[in-house]
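There are 2 protein chains.
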Amino acid sequence: MSKLGPISGFPEWLPAQRMAEQYLLQKIQRTFELFGFAPIETRAIEPLSVLLSKGDDKEIYVIKRLHEDADAPDEKWGLHFDLTVPFARYVQEFRHQLHFPFKRYQIQKVWRGERKQEGRYREFYQCDIDVVGQGHLSVSYDAEMPILLHQVLAQLPIPAVKIKLNNRKLLEGFYRGLGIENFTQVLRIIDKLAKIGADRVVGLLISELHLSDENAQKCLLLGQIKSDDLSFIAEVEQLGVQHPLMIEGLAELTQVMRACDVLPPGSIEVDLSIARGLDYYTGSVYEGVMLGHEHIGAVCSGGRYDNLIASDHKQQGFPGIGVSIGITRILGYLLGRNLLQMSRSTPVAVMIILPDEAARTEAQRVAFRLRERGISTDIYHQPQNFGKQMQSAQKRGIPYVWFMGDVPQVKNLHTGIQQPASIDTWQPEACYEKLTITLTRS
Amino acid sequence: MSKLGPISGFPEWLPAQRMAEQYLLQKIQRTFELFGFAPIETRAIEPLSVLLSKGDDKEIYVIKRLHEDADAPDEKWGLHFDLTVPFARYVQEFRHQLHFPFKRYQIQKVWRGERKQEGRYREFYQCDIDVVGQGHLSVSYDAEMPILLHQVLAQLPIPAVKIKLNNRKLLEGFYRGLGIENFTQVLRIIDKLAKIGADRVVGLLISELHLSDENAQKCLLLGQIKSDDLSFIAEVEQLGVQHPLMIEGLAELTQVMRACDVLPPGSIEVDLSIARGLDYYTGSVYEGVMLGHEHIGAVCSGGRYDNLIASDHKQQGFPGIGVSIGITRILGYLLGRNLLQMSRSTPVAVMIILPDEAARTEAQRVAFRLRERGISTDIYHQPQNFGKQMQSAQKRGIPYVWFMGDVPQVKNLHTGIQQPASIDTWQPEACYEKLTITLTRS
Numbered sequence: 001m002s003k004l005g006p007i008s009g010f011p012e013w014l015p016a017q018r019m020a021e022q023y024l025l026q027k028i029q030r031t032f033e034l035f036g037f038a039p040i041e042t043r044a045i046e047p048l049s050v051l052l053s054k055g056d057d058k059e060i061y062v063i064k065r066l067h068e069d070a071d072a073p074d075e076k077w078g079l080h081f082d083l084t085v086p087f088a089r090y091v092q093e094f095r096h097q098l099h100f101p102f103k104r105y106q107i108q109k110v111w112r113g114e115r116k117q118e119g120r121y122r123e124f125y126q127c128d129i130d131v132v133g134q135g136h137l138s139v140s141y142d143a144e145m146p147i148l149l150h151q152v153l154a155q156l157p158i159p160a161v162k163i164k165l166n167n168r169k170l171l172e173g174f175y176r177g178l179g180i181e182n183f184t185q186v187l188r189i190i191d192k193l194a195k196i197g198a199d200r201v202v203g204l205l206i207s208e209l210h211l212s213d214e215n216a217q218k219c220l221l222l223g224q225i226k227s228d229d230l231s232f233i234a235e236v237e238q239l240g241v242q243h244p245l246m247i248e249g250l251a252e253l254t255q256v257m258r259a260c261d262v263l264p265p266g267s268i269e270v271d272l273s274i275a276r277g278l279d280y281y282t283g284s285v286y287e288g289v290m291l292g293h294e295h296i297g298a299v300c301s302g303g304r305y306d307n308l309i310a311s312d313h314k315q316q317g318f319p320g321i322g323v324s325i326g327i328t329r330i331l332g333y334l335l336g337r338n339l340l341q342m343s344r345s346t347p348v349a350v351m352i353i354l355p356d357e358a359a360r361t362e363a364q365r366v367a368f369r370l371r372e373r374g375i376s377t378d379i380y381h382q383p384q385n386f387g388k389q390m391q392s393a394q395k396r397g398i399p400y401v402w403f404m405g406d407v408p409q410v411k412n413l414h415t416g417i418q419q420p421a422s423i424d425t426w427q428p429e430a431c432y433e434k435l436t437i438t439l440t441r442s
Numbered sequence: 001m002s003k004l005g006p007i008s009g010f011p012e013w014l015p016a017q018r019m020a021e022q023y024l025l026q027k028i029q030r031t032f033e034l035f036g037f038a039p040i041e042t043r044a045i046e047p048l049s050v051l052l053s054k055g056d057d058k059e060i061y062v063i064k065r066l067h068e069d070a071d072a073p074d075e076k077w078g079l080h081f082d083l084t085v086p087f088a089r090y091v092q093e094f095r096h097q098l099h100f101p102f103k104r105y106q107i108q109k110v111w112r113g114e115r116k117q118e119g120r121y122r123e124f125y126q127c128d129i130d131v132v133g134q135g136h137l138s139v140s141y142d143a144e145m146p147i148l149l150h151q152v153l154a155q156l157p158i159p160a161v162k163i164k165l166n167n168r169k170l171l172e173g174f175y176r177g178l179g180i181e182n183f184t185q186v187l188r189i190i191d192k193l194a195k196i197g198a199d200r201v202v203g204l205l206i207s208e209l210h211l212s213d214e215n216a217q218k219c220l221l222l223g224q225i226k227s228d229d230l231s232f233i234a235e236v237e238q239l240g241v242q243h244p245l246m247i248e249g250l251a252e253l254t255q256v257m258r259a260c261d262v263l264p265p266g267s268i269e270v271d272l273s274i275a276r277g278l279d280y281y282t283g284s285v286y287e288g289v290m291l292g293h294e295h296i297g298a299v300c301s302g303g304r305y306d307n308l309i310a311s312d313h314k315q316q317g318f319p320g321i322g323v324s325i326g327i328t329r330i331l332g333y334l335l336g337r338n339l340l341q342m343s344r345s346t347p348v349a350v351m352i353i354l355p356d357e358a359a360r361t362e363a364q365r366v367a368f369r370l371r372e373r374g375i376s377t378d379i380y381h382q383p384q385n386f387g388k389q390m391q392s393a394q395k396r397g398i399p400y401v402w403f404m405g406d407v408p409q410v411k412n413l414h415t416g417i418q419q420p421a422s423i424d425t426w427q428p429e430a431c432y433e434k435l436t437i438t439l440t441r442s
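First to last, the sequence lines map onto chains Z and S.
Numbering-wise (my numbering), the first sequence opens with residue 1 and increments by one.
Numbering-wise (my numbering), the second sequence opens with residue 1 and increments by one.
Since the hints were derived computationally from the structure, they do not count as laboratory data.
Check before you lean on any hint, since a few could be wrong.
Identical copies carry no separate label here, and so any pair may be met within one copy or between two of them.
[As the list claims (entries may be wrong)] Below, simulated DSS-like cross-link-like pairs (lysine-lysine); rule was C-alpha separation at most 27 Å, straight line:
#1 K116 with K76
#2 K164 with K109
#3 K434 with K388
#4 K27 with K164
#5 K195 with K116
Modelling step: build the complete structure from the supplied sequences, incorporating the hints.
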C-alpha cells in the first residue's frame, strides 16, 4: 500500500488548506494586477539545454515517454525549476509580439529534485513578477518591487515580512575599489554572515581569498551595515573606498529607499549583507523574511538582471528586474505548525435540510435559485434527522442551514439565530459569506 | 536557435490569450463553488503503478532526476495524464479526513505523450468536478452534473454546447437481454456510429462479434435513439428487450432527464450512442459538443463510476460521479481560428501620462492611491510626447489615460471624452473596467 502514501517533497493539502492556498494566491494575483502586471504561463518543460544554462543540474527532473519510439524528440526536456529561466526564453521567443517594458506575472508550480529535507519542497508554487525593458529599464522599477512586495504580503494572514534591500553594484564597486577582483567569491562568503558569524567570515576571506586583514575587515564592515533610513550612505562613505560603480550602486539604492517612504516604518531596511546566490543579478537585490520566523529563510527574493535575456542586437539588450514569492514555503510552514485557522472546508454558505426523499425536487429548485443569485449552496445528501444534518454542516464550517416550507427559515449556526427567509432576497451576512483565515499566533 | 521555438503540443499564450484563459477558468471555478464543490490539487506525479492501473502506458511521461543517486526512489514516478486517477488515489489516502459525500473540484494541467497531431495537446488544463459517496451515492448527483455543465458553459463566450446523456446500465442490460455477453466490445463499436455510419456498425457487429443480423439491427436501433424529451422511453420499450439492468438504467436516465427540465430547450438530449471509452463507467455517461464545431469532438465528458475507488471494506465502496471540461481544447481551437476578440492585453485600466522625469514621484503617488482604491494602474515608462504615450496605451487596450495637474484629467480612449477627475473618487465605467471577450462568429 506504499503507493498510496505521501511522496516526500510533494505536498498535498486537504480542502480547507487548499482553500487557504487559493485565498493567498488570489490576493497575490489581484495585487499583481493592480500594479499593471499581465499574466502569462509557460509550459512545464524546457529543453535541457535551456535549463542547464542557468541552473544546478542536480536539481533537474528530466521527462520522457514511458515507451519512447521513432517519434522521440531530438532534444531532451526537463521540468522547469523556476519561472525566471522559462520567462527569459519566452521573452526572446515572443519579443516581436510583446510591448516593452513588459510587465508580467506568473503563478505556477516548479519542480526541483532536492534531497529529502524538512521544509524543502520538490514541487511548489512560485509567484513571480518581472519587468523587462528593451534597451533601457528605469530605476523606478527597482523601487516598485519592494513596494509591491510589501503591499502583497501585508494583506495576507501571515506573520509580518520585512524586506531587505541591497545593490550588487555597490558591493562590486566597493570590492573593486579595494583592488579585489574575484567579486563573486567575496559575495558568496559575505552571504554567510548571518549563518556563520563575523569571525568566521573574516577568516574565510583571508584564508580562501587571500585578502589582507584590513581588506577583509572592510568587507565585513560593509556587510554589517543595516539601516531603515538613509544613514547607510554616510556609513559606506566612512569606509573611505572610492569606485564609480560603488557610487552608482549607492545612488540607485538611495533612490529605491526614498521611493519606499510611502511604506510604514519597519517594513523595509537596507542590509548590505544580502547578496542572493544567483549569478545573473547586476543591481538591486531583495529578500524578505517573516519576523519571528527568520530561521525558515527568505520567503521572497529577487533582483535586477541586465544581461540575462540574450538579444539579437548587441547594442539593445533586455534588462529586467523581478521578485518571486515562495508561497508554498510560507504556507507549508504555517500549516505544518497549525498557525492558520480556516473557518470552513467547503465554499458552501448554506446547506438545505432534506426532510425526506419526496422533498428533493423542491430542494433542487431552491438550490438552483440561490446559486443563480451567487450564493454557494448545497443540499444534504440524504433524509436524516435535522440534528444530524445540522451537525454535519457545522463540522464542515457551513454557516447557514435552510429549512424549506411555506415560510422558509434560515438558521445561522454560529449565532443560533433562526428567521424567515425568501429565496429571492436572502443573503448571507458579509462576515459569514466567505472563508476567513486567522493567524493563531506568530 | 531551435531551442527557442515552440514545442509541439505544449501551447503557450500571449498575455491577452492567457487573460482569456484565466477569464474562462475563473468563471468555471466560481460556478463549481456555487454548486458546493471544494477545491483540491494533487501533486503532478503519481507512482507509475497507480498510473498504469488505469491508463494507456504509451501516453505516460516518466520523470527522473538528471543525475540519479543513492537517494533515488524505489518506485518510478510519472506525470498524471488526467485528474480522475490522482483523485481516486487522494480519496483513498485521505478518506479518514474527508467528509462524504465529498464534492471536489480540481483545475490543473495534465500531460499526455501523444503523437504530434493538430488539436492534440501534450500539456493541457482539465477542469474536473466529482462527487464521491461512502457506500451509497444518490442518483440526484447524476442529474446535478449536466445541470452544472450547462450553467458553466452557457455563461462563457464560446459557441453553445449541447450535452448528451446516456446510461451504461441501459445499454448493458439491453445487450444482456439480447443474450450478448461481450458488452464492452459492442459499446466500442456502437461508439463509432457518428464516425463510420450505420451500415459499417452493423457489419462490424456481425463480422467481429458474430451477432445475428436481428440482434445487430436491434443494437443499431438502440444506438440511434435520440430525444430531447422523455420519448426515448417508449422507443426503447418498442424494441421489445427485457432485462432488470436495462429497466434500472432507463429509470435513472428518466430521473436525470426530468431534473434537467430546469434547463432551456435544446441544451440537453438523450443520445443512446454515447458510450465513452473508459472502462470504469457504470451508469450515467455524458458528453458535450460545441454546436457548429462538432468535428473537434467532445469538449466535456464524464460519468458515474461505482467501483473505481478501492475500499478496505468490501461491503462499503466509494461510488463516484464526475465530469471534466477540456478548456484547452476549446480555447486552443477558438484562439487558433481567431474566433475570440479580447479587449486588452493587460489588466491596466488607467495609464498615467508621464510629462517629464521630475513628475515621476507625483505619478507614483497617484498610482499608489488609485491602486489602493482597487484600480489597476500603470505609469508610462518614460517621458515622451503625449500622443505617443496615448498610442501605446491604445495598442494594449488600456481604456483610460490620466493627466496629472492641479486639476487632473482622465481621457477615455474609446469615446475620446476627457474630463476632470479626482484620485479619491474617480472610477472607470463598469464596461471598461475589466477585460471583455467577444466571440466573433461561431
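If you test the structure against every hint from before, which numbers come out violated? none
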